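Enquirer: The whole structure should be built from the sequences, with the hints applied where relevant.
Numbering-wise, the sequence shown is residues 1 to 299 according to our numbering.
It should be emphasised that the hints constitute simulated quantities derived from the structure, not laboratory data.
Nothing here was measured: the structure is a model prediction, and the numbers come from that model.
Glycine is no exception: its CB is placed at the ideal position from the N, C-alpha and C atoms.
Some hints could be false.
Label pairs and their computed distance ranges (CB to CB) [unchecked claim]:
#1 Pro34 / Val86: 25 to 31 Å
#2 Pro27 / Pro168: 39 to 45 Å
#3 Gln283 / Val86: 38 to 44 Å
#4 Ser89 / Val262: 25 to 31 Å
#5 Glu62 / Pro212: 39 to 45 Å
Restricting the straight-line Cα-Cα distance to at most 30 Å, the calculated cross-link-like pairs of lysine-lysine (DSSO-like) are [said to hold, decoys possible]:
#6 Lys231 / Lys61
#7 Lys202 / Lys162
#8 Lys231 / Lys265
#9 Lys211 / Lys162
#10 Lys61 / Lys211
#11 Lys61 / Lys296
#12 Lys265 / Lys296
#13 Lys296 / Lys231
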Amino acid sequence: MLRRILAILFGEITSLRNFLYDRGVLPSYHSSLPVISVGNITAGGNGKTPLALHICSILQKEGQRPVLLSRGYGGSLAGPALVDPVQHSAREVGDEPFMLAALFGLTVVVARRRAAGARFIEQRSLGDVIVLDDGFQHRALRRTRDIVAVYLGDMRAAGNFKQGMLLPFGRFRERKARGLERADAIVFSSRSFSPVDRELLKIVGDLPRDKPLFFSHLMNPVISNGGTGEKLEGGDREIDAFCALAHPESFFASLEGLGFSVTRKSGFPDHHVFTEQELLRLQEEAAGRPLITTSKDWV
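Expert: This is how it looks when you write it as structure tokens:
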């Protein structure tokens, strides 16, 4: 009962906040650069970071210079700061921003106040388009396009989306119908190597008819040694796996889909910072088996 009451209160607060932004009562910075926001309407694990990376890749192929602007969740730096994999650590700038800069060579800026981050990018001429990671509810920075990522990997996810229950009773960060009205496009993700089952759309229910729908799934996975770069193939090979994701079961299922036999599965809270003792324990429990984790957790 208490969670239901809190969800109603949460809905009223977020609706009022959006209303004030819509009417211009709350200030919103208009960047001189195009801003593409990649966010979500529900909490956790919707595949928005791989989507933001993919958008940056497309922009680069078209000759653009994208800059990924992130809050730097889990990092100690308030920013604005240009992520330097040599000078910074994941503890300072957040695991995902550090990974995107270190492993994929993206220009990444972290800033708690995204409007200040946009000004930082403009003043230093770091790029010509801003890709705003997890920015759908961060309306203090105006955007040219709003893309919403939605996890739709099974019937439970489809049912939760249809119900549209607000936090803390459900998963929604704001009221579903009003939120989707602001979106320019909706991307449904399976969070696995299997495409989204289009039949699940029948469970999801009504969607805005004027919004383009896209579907995404993981492709061309590479499992490699973090030190040597040597690739590791499946073929019923026994491994141990660990990760700190919102939905660790998706990662484990993906490894099994690649032909690995996952002997031990260890899930930690999303954005967990691993201690040396934890890593030594995981290595000891693996007993010589390869120990597999995500790129985000490896950095």
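Enquirer: Against each hint, give a clear statement of whether it holds in the structure.
Expert: Hints, verified against the model:
1. A hinted range of 25 to 31 Å holds for the C-beta pair Pro34 and Val86, which are about 29 Å apart.
2. Under the hint 39 to 45 Å, the C-beta atoms of Pro27 and Pro168, about 29 Å apart, miss the expected range.
3. Against the hinted window of 38 to 44 Å, the Cβ-Cβ separation of Gln283 and Val86 comes to about 27 Å, which falls outside the hint.
4. A hinted range of 25 to 31 Å holds for the C-beta pair Ser89 and Val262, which are about 29 Å apart.
5. A C-beta distance of roughly 19 Å is found between Glu62 and Pro212, which places it outside the suggested range of 39 to 45 Å.
6. For a cut-off of 30 Å, the pair hint linking Lys231 to Lys61 stands: about 26 Å separates their Cα positions.
7. Simply put, Lys202 and Lys162 have alpha-carbon atoms about 10 Å apart, close enough for the 30 Å limit, and the pair holds.
8. As the CA atoms of Lys231 and Lys265 are separated by approximately 21 Å, the hinted pair is consistent with the 30 Å bound.
9. Taking the CA atoms of Lys211 and Lys162, the gap is about 17 Å. The hint holds against a cut of 30 Å.
10. For the given pair, Lys61 sits about 25 Å from Lys211 by alpha-carbon distance, which is consistent with the 30 Å threshold.
11. About 24 Å separates the Cα atoms of Lys61 and Lys296, which keeps this hinted pair within 30 Å; it holds.
12. Our distance criterion of 30 Å between C-alpha atoms is met by Lys265 and Lys296, whose separation comes to about 17 Å.
13. Proximity of Lys296 to Lys231 is assessed by CA-CA distance (about 18 Å); at most 30 Å being required, the pair is judged to hold.
Comparing the model with each numbered hint stated earlier shows that hints 2, 3 and 5 do not hold.
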